[in-house]
Amino acid sequence: MKSYRMAWRNLWRNRRRTLITVASVFFAVLFALLMRSLQLGSYDHMFRNVIESYTGYIQVQNQDFWDDKIIDNVFDFTPELGNLIMEDPNANEIVPRLESFALASSGQVTKGVMVLGIDPEKEAFLSDVRSKLVRYRITEENVNGIKNSDIPDKIKKSLDIFIGNSYTSKTGLILDLGINKDDTATVLPIVEKFTRFANGFISKGIPEALIGNKLSIYLKAAIGDTLVLIGQGYHGTTAAGKYRISGIVKLPTPDIDNKVVYLPVDICQELYNAEGMLTSLAISIKDNHDKEIDRMISSLGLKIVPPMRVIGWREMNKLMINQMDADNKSGIVMIAILYMVIAFGIFGTVLMMTAERRREFGVLVAIGMQKTKLASVVVLEMIYVGMIGIAAGIAVSLPAIMYGFYHPIRLSRELAKMYEDYGLEPIMTFMPPDTYFFWQVVVISAIVIIAVIYPVRKIFKTETVISLKA
Amino acid sequence: MNRFVSLISTAALIFFKVIDLQAQSLTAAEVVKKADEKFNGEKSSLMEMSMTIVRPTWQRSVEFRNWSLGKEYALTLVTAPARDNGQAFLKRNTEMWNWNPTINRLIKLPPSMMSQGWMGSDYTNDDILKESSVVKDYTHEFAGEEMVDRRICYVIKMIAREDASVVWGSQVRWIDKMDFLVLRAELYDEDGSLVRTETGSDIKTMDGRIIQTKIELVPADEPGNKTILVIKDVKFNIPIQESFFSQQNMKSLR
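In order, the protein sequence lines correspond to chains E and P. Mapping of the first sequence onto the working numbering: position 55 corresponds to residue 64, and the numbering continues sequentially without gaps. Mapping of the second sequence onto the working numbering: position 238 corresponds to residue 218, and the numbering continues sequentially without gaps.
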C-alpha cells in the first residue's frame, strides 16, 4: 500500500486523537489570523483616517513650516505653482490650506483652537468636511420627545446613555441605539425626526465658520452664534475676527474634534493678514501605491524650489509610524507567545500519539516494515493533520475577517469612551487577506514539522523486542 | 579788551562750575529720575509715534498715539496700519486691557503677558504701558563717565529691587550730562546676561525740550532683529484727567 493511503487510514483509526491534534492546529491558525488581521486592520484604518482625511499623501509647504508651525512660515500661492503640480500625471487636485492657532470664544468660554482655512469645494478631495457635518444629535429635549412616542423600551434606554452624542450618518445612530432591522422602518423615522440637526456649510467670501462637535460643546456654541477668534497674524500683526457659526462637524479623531475651526481660506487669509498665502498645499492623487507616491515626491521635489518644499506622508506622520511600529512589535511578541503555547500543544499530542503507538510501531517493524517507510507514514500523518487544521482555520477565519472588514466592530459605552480618551476612534477594523495570511501558514507548518521530529527519531530508535513488550 | 576776555572766561568758568556743582550734587537716582521725567513728562504727556519692526526677511510699521498721566495711567491707540486702527491699550495702576474694535472685545491682559512682545515688536507690553518705574523699582549707582555720540554721559548701573515686579534684573544707562538724555541702555535678565540694547539718537527740540526722538532696540539673542521707535510729535504736561483713562474712552477714541 502507498504510504499516503496508509497515513490517511491511520488518521481515522483513532479519530479522537486526530481531531484533538487538528483542533490545536485549527485554533492556532484561527487566533493568529484574527489577531493579526485586527491589528493590521486597525493600523490601516488609523493611517487612512489621518492621511486620507487630513494630511494627504503629498504636500507642498514652506520649508520651515513643518518644524516651526507659525503663521510667518507661509508661501505665496501663485497660479504657476498650481500648474506646475497639476502637470504631474498623478495629480488629481490641489487643496489649499492656511493653518494656524488662535483663541476662540463664544460667550464666556475661551479655548485655544486650530484654525484651518480651507477651500470648501476642493477640500472634498481630501478631508471631505461636508460629509462630517453633524446630521443627528441626541439631546435631553429630543429624548423626551422620542420617549413620548411609540418605540421599544430597549431603545428608550439606550437613548439615555447616548445623550449628548452626535452622528454624521444614520449608520452610527442605528448602531448605537441598537435599532434592529425589523424596527428600522417604524422606529428610525421617529428618532430621525427628533434628532435631526440642521447644519449649514461654509463658502468662500462669507465670514462663517464650521467648528468641531466637541469644541461646540465646550464653548456651548450653537449654529448662528458668533465665534470670536483672536491670535497672532502674519508678521506679528493682530489677528482678530468675528464669524457666524454656520455648521458643526464631527471628526473621527477626538483630539482634533475638540479644537478645530474651519474657515473659508480667503476669510482665513484676511484674518491672519496673509493675503494670497498658504501654509500648505495638499495634493490629492490618483494612484496611492507607494511606488507611485515616491516617484511623485521625487519628481516634484526637483521642480519645487525654496522657500517651498515637498513633504511626503511618511515624514508628516513620523510619530504615528513610530507608534505603530512599537505597537506592531508588541503584537508580534503576543503572537510569538501564542505560537509557543500552540507548539507545545501540538507537540504534546504528538508525544501522546507516539507513546500510544509504541507497540504498534514495534509490531510493524517486527513483521518487516522498513523503518524509513514507517517514519514517512508518520510524517505524512502529521502533514495531513497540519493541512486539515490550517485549511479549517482559514475556512473559518476568512469569512469572519471579511465580515469584520465590511462591518467594523464599533465599540460602545465605556470601552468607546476609553478609546476616545486615548484619542482613537472607537472602531476595530479587520485587514483583508494579505501576505500576513501566508506567514501564519508558514509558521504553523514549521511547528508541525518540528513536532514530527520526535516520533521519527523514536521510530529509528525502536528496539523491536522492547517495543513489543510495551 | 583784556578785562572783557577775563570777564568772559570767569563767567564761563563759573557757568561750568555751576553745572559741575549741580551734577556733583545729583545722586544717580536723581539723574535717572530727571532723564525719565524729561522724556515722559513730569505729569502727563501725549506722544505721536511710529514703530518699525525689522526682521531678517521683512519689516513692518505701526503708528500709534500714547497718552500718559503719571505712572499710573496710560492709554495707547493704534492709528496705522488701517487693519489695526482703533486698537487700544489701557493701563490703570496695575491692570491692563486691550480693546479690539474688529471683534468688539475688551481683553484683560494678565500680568504673565507683560514680558511678551507688543504688536509683534521687540518691545514688551511692559515697555509700552510702563508698568514698572525706572526710578522706584531699582537701586542706582554711578559707574563712571563715557562718551556716547560725542556727548559726555553718566554711566549708571541700576539693579532691580527685590520686591519690585519688573521684567529686568538690572540695567546700565548712559545718560547725557548736559541734557539728561538716555543715549544708551543695556538691559539684563536676572542671570546677568544681556537681553537687549537700546540707543537714543536724532536729538531734537520738541515742545520746548531737547529729547532723543529715535530709539533703536536690538535684542541680544536674535541677530537681524530690531525695532525702531520714532517720536513724531510730543506734548508735555497736557491737561488731562484721570477719567480720560477709562474703558469707555478707549472704545470711543479715534
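No lab work stands behind these hints: they were computed from the structure. Treat the hints with caution; some may be incorrect.
[Stated by the list, open to error] Result set (DSBU-like, lysine-lysine): computed pairs, CA atoms no more than 35 Å apart in a straight line:
(1) P/88 to E/229
(2) P/231 to E/268
(3) P/88 to E/78
(4) P/51 to E/120
(5) P/116 to E/251
(6) P/88 to E/268
(7) P/231 to E/229
(8) P/88 to P/215
(9) E/120 to P/88
As the structure is a computational prediction, the values presented were derived from the model and not from experiment.
Worksheet item: Can you give the numbers of the hints that this structure goes against, from lowest to highest?
Response: 5
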